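Undergrad: Chain B: place on chain A using the hints.
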Amino acid sequence: MKKQLVHIKGTKEGLVLRLDDQCAYAELVEELSRKVSEGSIDGIVDVQLHLGNRYLSNEQQDELVNIVQKSGNMHVAKMQSDVIPIRESNEKLITEQYETYVGIVRSGQVLKSTGDIIVIGDVNPNGQVEAVGNIYVLGNLRGIVHAGIEGNRDAIVAASHFKPTHVLIADSIEIMSNESPAVQNSSEQLFAYLNRDGIISYERLQEVRKIRPFLNKVKGGS
Amino acid sequence: MGEAIVITSGKGGVGKTTTTANLGTALALQGKKVCLVDTDIGLRNLDLILGLDNRIIYDLVDVINGRCKVHQALVRDKRVDEKLFLLPAAQTTDKNAVTPEQMKSLIDELKREYDYVLIDCPAGIEQGYKNAVAGADRAIVVTTPEISAVRDADRIIGLLEREPIEPPKLIINRIRKDLMKNGDTMDITEITTHLSIDLLGIIIDSEEVISSSNKGEPIVMDPNNKASLGYRNIARRILGESVPLMTLEDEQKGMFKKLISIFSK
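These protein sequence lines map, in sequence, to chains A and B. Note that UniProt numbering gives residue 34 to position 34 of the first sequence, counting from 1, and the numbers run on in steps of one. Note that UniProt numbering gives residue 211 to position 211 of the second sequence, counting from 1, and the numbers run on in steps of one.
Since the hints were derived computationally from the structure, they do not count as laboratory data. These numbers come from a predicted model, not from an experiment. Certain hints may be false.
[What the hints assert, rightly or not] Negatives, chain B to chain A, calculated, CB over 10 Å:
1. Asp53
2. Asp62
3. Asn65
4. Lys104
5. Arg151
6. Asp152
7. Arg155
8. His194
9. Ser196
10. Ser206
11. Lys215
12. Asp222
13. Asn225
14. Asn233
15. Arg237
[Claimed, not checked] Here are the computed lysine-lysine pairs in the DSS-like style, where the Cα-Cα straight-line distance is at most 30 Å:
16. B:Lys78 with A:Lys163
17. B:Lys11 with A:Lys112
18. B:Lys32 with B:Lys181
19. A:Lys163 with B:Lys177
20. A:Lys3 with A:Lys112
21. A:Lys112 with A:Lys35
22. B:Lys11 with A:Lys163
Backbone N, C-alpha and C fix where the C-beta goes; we use that ideal spot for every residue, glycine too.
So here's chain A without its partners, still in its complex pose (with noise of 0.2 Å):
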């Protein structure tokens, strides 16, 4: 018997096709479409394309979304892949890396991350760091910060000594001169995020996985 190369599964959250990654893409193309038309469903059902070990173009990817929406009672809620192009994964790199500088941010000098960004060191006044992602000073912060520079409204500012002049979140500022008190007198290890109104707050360090827990990148462990 010839081997079958869509699999269809029933699951709580709708139907799972599982396409075969090593045929050919026309042969799986005509078997798509064969299978789907011979089915009976009554209403909508939601539908999984999973693609395994097989990178779809965007064209490919709409063609099969239109195979299986021809149909006309099925509506497809998600397709995934198990690889992605290394363009793409370079990309997600750059924006999820690390890098550490270790040394002064004088005053005048900007030091800019494509991601992340941990200072081994103090960023003194009129110094000035920016990233993409997050901030993370282990010194003292008394110059300006700008996380989220590309328009990301999670990122995060934190320091050991929280004095800065400027923090600034995606498109928010706030100017330290008038900040609350409690920034001021705060023993604490302090950061800054943009709380759900769109203000810049402090909490205590400690309290980031509570507000930000997705920052949490250590897979695995015990």
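TA: Only chain B this time, still in chain A's reference frame:
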């Protein structure tokens, strides 16, 4: 082969020129052959502080443009015999008359003959600064305990750290003991932790520095002055001696004065 040290600050008026004159004289008094180079073209002052202004014939720009040889432009300080020389800046042109490359070859030439070449840098971070730093092997940053001077020092240290020279060292100039003790100015630890570079020495403020500068006689010639002692200590540290930092405490008071101070509390 000698060593070229640039003396810079970023901010004007913190005492770069006074420091250059005094350190140069102090090093010469220690028996080293010293050449002072004024790179503040257009606003020359170093010759005045040294009292050599009326003996200038040629200047730095003349040397660089080949109008004279280096030794013809050098002005000798008669007080320190055959040890201290000045290469004055030109007064009739500006900082753009010289390029960093030209400065570097000039300083390299001087280094062959002198133990120390001290380069007096102009204020600012533009062409004049670039010229002054070009030939240097080491840098000394001068600041005062004022917040504006410290901020500018921070900026200049940032620029110096990008140059291929040794990490800069710090001199805190014009310390007013009373103000520092009351916390009205930044104190020494505050400044050094803020700038986080090595402290080369401190100079306690003294009115005689002003009067002796006006007379064209560096204060370091007066062995009994506190500021003079500060400069002499720094010169010894440059020569590699380890000299403890001057204390800010006043001399031991007499018994009678102690009693008065107890009762006046």
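Undergrad: With reference to the structure, classify each hint as holding or not holding.
TA: Going through the hints against the structure:
no.	hint	result
1	Asp53	holds, 35 Å
2	Asp62	holds, 35 Å
3	Asn65	holds, 33 Å
4	Lys104	holds, 24 Å
5	Arg151	violated, 6 Å
6	Asp152	violated, 8 Å
7	Arg155	violated, 4 Å
8	His194	violated, 7 Å
9	Ser196	violated, 6 Å
10	Ser206	holds, 29 Å
11	Lys215	holds, 36 Å
12	Asp222	holds, 36 Å
13	Asn225	holds, 33 Å
14	Asn233	holds, 27 Å
15	Arg237	holds, 23 Å
16	B:Lys78 with A:Lys163	violated, 53 Å
17	B:Lys11 with A:Lys112	holds, 27 Å
18	B:Lys32 with B:Lys181	violated, 37 Å
19	A:Lys163 with B:Lys177	holds, 28 Å
20	A:Lys3 with A:Lys112	violated, 54 Å
21	A:Lys112 with A:Lys35	violated, 53 Å
22	B:Lys11 with A:Lys163	holds, 25 Å
Taken one by one, the earlier hints fail for this structure at numbers 5, 6, 7, 8, 9, 16, 18, 20, 21, listed in ascending order.
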